[in-house]
Amino acid sequence: MSTAADYTAPTAAEVNAGVRLTPFLTDGPPPAAGSNFLDAGVLSAAFQSQAASTFGGGSGTMTVRRVRDTATTDDTADDGYLALPRGTIGFLVVAPYGVGGAAGAVAIGDTVDIYPIEVGNRASNISRGALATGSIDLAFNNPIEQNYDIAA
Amino acid sequence: MAKRKDLIELHHPETGGEMTAIDEKQAGVWRRRGWKDGPTPSKKKAGA
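Going down the list, the sequences are from chains L and A. Residue 15 in my numbering sits at position 15 of the first sequence, with consecutive numbering throughout. To convert, take the position in the second sequence, counting from 1, and add 1000; that gives my numbering.
In case anyone wonders, no lab produced these hints; they're calculated from the structure. Values in this document were obtained by computation on a predicted structure and should not be read as measured data. Don't take every hint at face value.
Here's a subset of chain A near chain L, in silico, CB distances under 7 Å, partners left out [unchecked claim]:
(1) Ile1008
(2) His1011
(3) Gly1017
(4) Glu1018
(5) Val1029
(6) Arg1033
(7) Lys1036
(8) Asp1037
(9) Thr1040
All C-beta atoms, glycine included, are put in the ideal place defined by N, C-alpha and C.
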């Protein structure tokens, strides 16, 4: 998904206007987990109480398969890799419980997570006896919206 | 932030979405998904 009026509440049409990446992925995005903790203990207590502090990070690498068109020597079939060049800003939408629309499209009622991303870099991995893949380095530039039910 | 001149503007006729593609190949991926070239037509009319 590349644009949305409000990324925390995308419509099914906005998501389906994006590029479907699952045919090119073996793993999902890097887990956007991570939190810092601060010490909140006081002199009167021996228990070292803590509190949640800043959160975020988890930016990392996602691997896409590079696909060739069997009839040509150009990149027309390589949509996963081509959708994510360095500097791309957009959103990854993940539907962990599946999608209700036809041919992999999302539908109203589907539960999705939305990851706002910026592609920091993209590199190619080529080795003998392995599928060619691309390493996409992603930065999460805003908080992840989790478990949003598509409403429109 | 100043807009880079080499970005390709695209719009989606159904959702009204606007985006800028980094290069021609990325633009091709989106065009195959139904995105059209240029900014949203309503904006063009306003500017004319």
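| task | Could you work out which earlier hints the structure fails to respect and list their numbers in ascending sequence? | result | 1, 2, 7, 8 and 9
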